Amino acid sequence: MEKTININLRVWRQRGPKAKGAFESYKLDGVSTDSSFLEMLDQLNEQLISEGKEPIVFDHDCREGICGMCSLYINGHPHGPDEDITTCQLHMRKFKDGETITIEPWRSHGFPVIRDLMVDRSAFDKIIQAGGYVSVNTGGIPDANAIPIPKPVADMSMDAAACIGCGACVAACKNGSAMLFVAAKVSQLALLPQGKVEAARRAKAMVQKMDELGFGNCTNTGACEAECPKNISITHIARLNREFLKAKFKD
Amino acid sequence: MSTDKKTKTIVAKIPEGALSEKWSNYKAQQKLVNPSNKRRLDVIVVGTGLAGASAAAALGELGFNVLNFCIQDSPRRAHSIAAQGGINAAKNYQNDGDSVYRLFYDTIKGGDYRAREANVYRLAEVSNSIIDQCVAQGVPFAREYGGLLDNRSFGGAQVSRTFYARGQTGQQLLLGAYSALSRQVHKGSVKLYTRREMLDLVIVDGKARGIIVRNLITGKIERYSAHAVVIGTGGYGNAFFLSTNAMESNGSAAWQVYKKGAYFANPCYAQIHPTCIPVQGEMQSKLTLMSESLRNDGRIWVPKKKEDAQAVRAGKLKPTEIAEEDRDYYLERRYPAFGNLVPRDVASRAAKERCDAGYGVGSGLAVYLDFKDAIERLGKDVVETRYGNLFQMYEKIVDDNPYETPMMIYPAIHYTMGGIWVDYELQTTIPGLYSIGEANFSDHGANRLGASALMQGLADGYFVLPYTIQNYLADEIRTPRISTDLPEFAEAERNILERIERLMSIKGKRSVDSLHKQLGHIMWDFVGMGRNKKGLLKAIDEIKQVKKEFWSNVFIPGEGLDLNVELEKALRLADFIEIGELMARDALHREESCGGHFREEYQTPEGEALRQDDKFNYVACWKYMGEDKEPEMYKEELKYEFVQVQQRNYK
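Quick note, the sequences are listed as chains A and B, same order.
Residues 1 to 251 (my numbering) are what the first sequence spells out, left to right.
Residues 1 to 651 (my numbering) are what the second sequence spells out, left to right.
You can trust all of the hints, since none of them are fake.
Here are some chain B residues pointing at chain A (derived, C-beta under 10 Å):
hint, residue
1, ARG77
2, GLN168
3, ILE217
Quick look at which bits of chain B chain A covers, simulated, 3 or more residues with Cβ under 8 Å:
hint, stretch
4, 245-256
5, 385-399
6, 507-518
7, 559-570
In case anyone wonders, no lab produced these hints; they're calculated from the structure.
The structure presented is a predicted model; accordingly, all values stated were derived computationally and were not measured.
The C-beta atom is built at its ideal place from N, Cα and C for all residues, glycine as well.
In isolation and in its complexed conformation, chain A is listed as follows (with noise of 0.2 Å):
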C-alpha cells in the first residue's frame, strides 16, 4: 500500500563551472515510498516550476541503473545509502518521514561542476580514446568460436565489463582517483585472448592519460569497491598494475 513521506532537502546548486555554489534548502511533501530517488527530484522540480523557479539540473537518462547517467552524492554516499545500486534505483522506502537529506555533484577534480548537480565527465571518454579497445577494424575476422575461452576466465572479464562508468569510484576516492575504472577496462581486455596482444600498451596508455588529466593516485583505501554500484572488485586494480609495470619492464 502507498504510503507517503514529508522531507527536508539541501541542495547544492551552482551556476557554472567558475561559479560559486552553495546549499539551498527545500521542503517537500507527500513523496510516495514507492517513488525512485529521482521521481522526488522531478516532483521537487514540479514545485519549483510552479513557483516560477528554475528546476535543479541533474543527469539522468535509462533509470534503470545501466547507462551510468546519474551521479548524486546524497548524504555523503556516492549514489546513497543502499548498497550496489545506482541513484537512479534507490528508492525512497530508504528515508524516514521528516528526513533531511542532503544531495552533493561528485566532486571531484577530474569531474568540474557543469550546473547544479550535473558534472563533466568526459575525462573518462578520453580515458578510453586513448587505448581502451582492442585494435581490429570491423570485418575478416575468424570464427566466434575459434578460440575457446575457459567460463571462468570470460566471467571475470564479465565482472570487469560490468562497469557503467559513472565515476562513483572517483567520487568516493579521497584522492580523486580513477584506478577502478582503469583497471576495470584493462582487466576486461587483458583476461581475453582477443585483448591480450596489447595488453601493455593498453595499460600504459591509459594510466598516462588518467595521469595527465589530474586523476589523483591510488592508496589502496578501497572506498571506490565499497561505494560502486557495480560491485567492480580492487583486485582488478592488481592485474592494471601488472599490466603496467610489463610496459615499464618494455621501455
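Given chain A's structure and the hints, the job is docking chain B onto it.
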C-alpha cells in the same frame, strides 16, 4: 528510390536475383570510393547507440571524415545500453536446426508478414559476422565450460540462437561499439560532439548537407555540414510518456527529417513488451523492463478463479497460497507449441485479455511471472547465475523477493518498429540522408522479435551502411567541403531560434511534464494495446487539444540560449505531440490487425490478430504536407516471393 506521384507508390530499389544472392549481387555491382577520396568526404552520424556508434566507427575505419553527435555526455550512455537479453545470430552452434533462412523466416513471420523480404534476408545473412566482430572486440559473451559460446532461447523461435552477456548484453555490445568508436576518435577520423541535440536537417540543392544542433551546455545553436547525413537516433516510444525508453530518448530527429521531406513509415507499429514492472503511481517517470529471457524459465499465470484474483488484489491472499490447479498458465494453455515463448505482441495481448476479464493481480493490471518450478528444477544457484541481476533490480524497485514470491509484470511500450522510411540502401526519400537502427522502419514489420534490435542496429552500422553509403558518395567526390555559411544553414538556424523564442515567450501555467503525461494517457488509452476506430478518432481530437494547450499554456523557466533542461523537454514534446497524432492517424487507416497493431474490430474468433492481406499488404509511407495539413500516404507494396504468407500460428 522512386516515387510515383500519380499512383502514390514508392519502390525500394531491391536488387535482382534470388533472395540469397541479392546482397552479394548488390555488393558486386555497387560503386566504391577510393581511399584518397574518402578523406575528403564528410559524413555526419547522429546518435551513438549500437547503430550510430558502429556506423561512425566503421566509416572512420574506412577513412571517411566522420562527425558523430550524441545527446548524452558520452556515447556509452545511449539507450542501446539498457538492452538486457541478447542478440540473435544464425550460427547454429547448438546444432538445433538453425540457418540463415530460418532466422529470416522467423523474423518475417514474427513481423506478421509486414516486413520487406530482401532486407530481412540480408539482416539474417550478416548476423553471424556481428558475433565474430563483437568477440574480436573483447565482448565477454556467456560461455560454456568447454570455452565455446552459450546460447539461450527467445520468443518467436524454436531454436536457441541468442547470444548474451548475463543480463547486460546491450551494455556489452554498446561498449564494444563505443571502444571501436573511441579508437577512431583517437586516430582523428571521427570527431565526437557530445551533449548536442539535433534540431534540424539542412538540405542544399535537394541533398542532405548538414544539421543544426543545440549545444545542451551553452544553449547555443551550432551548424555542421557534410556530404551525407545518417540518422541513428532510436525510436519514438516516449510519445507515451511512460515507456521502457530512457528519459532523453526522443523522436525529434526523425520528425525533423519527416518535415523536410523524408517519409515516415508505419508509425502505428509500436511494440508493447509483455514483461515490465507494473505502473505504481502518478509520479512514475519510466517503466522498467524485465528481460524476455526470463520467459525461458519463468511461467506466466493468473488465478483461475475470479474470487482468488479479488482476494489477491485486496491483499488477503498470497500468490504462493494458490494451489497449482487453481492457476491459469494462460500462455501454455492457449499456445502449447510456443508456450511462454510466444512473440511479444501475442504475450502482451494475452495479459491484457486476462486482466480486462477480471483476473489481474496487483492493482488489477498485472500478471505473475513465476520461477518456482525453475528453482525446483534447476536450483536457486542456477537461476541466480542466469537472472541474478534482473532479480536484484526487481527487488530494489518493488521491494519484493522474486525467489520467494512470483514477480508481477504488465506490458509497456518498449520499441517502435515504425520509423523513417528507407530503401534497400537505407537511404531515405531525401538524397544523401540515411537512417539506421530503430530510427528506420526497415526490418521488423509489425512486430520485432526479442534479441533482434541489437542485431539490426549492428548490422546496419557495421555491415550494411558502410557499403551502401559509398554508392552515393562515389558521385560526390567532386563536391568540395560544404560551407555552413550557405543561406540554407542560416535559414534553418533562424527558424530554430524563432521556435525557441516562441516557446520561451508563452509563459503559461503548465509544466512540460504535466502536458507530456496528458499526451501519454491519451496514447496508452486509445493508441496502445487495443485500438478501435472510435477511440482513434477521439485520440486525434484530444491530441489536437493537447497541442493547443501546449502552444498556449506551457511554462519554461530560464533562458532560451542557456543550459535549459525544461526547454530541451519542451522541444521534444512539441514533436511527440505531432508524432502521436500521426501514429493515431496511421492506426486509424490500417483497418486490420497485425503484430503490435491490434484493431479490436479485426480479430479471429479466438482473439488473434486478423490481417487483411488483400487490402493492407503494404508499408504506409506518410509524406508531410505542411503545418496543420493532412499528410499524404504513399504505399510500398510488399511482394512475398520466397515466403508463403499465412496466418501466424504459435499453437
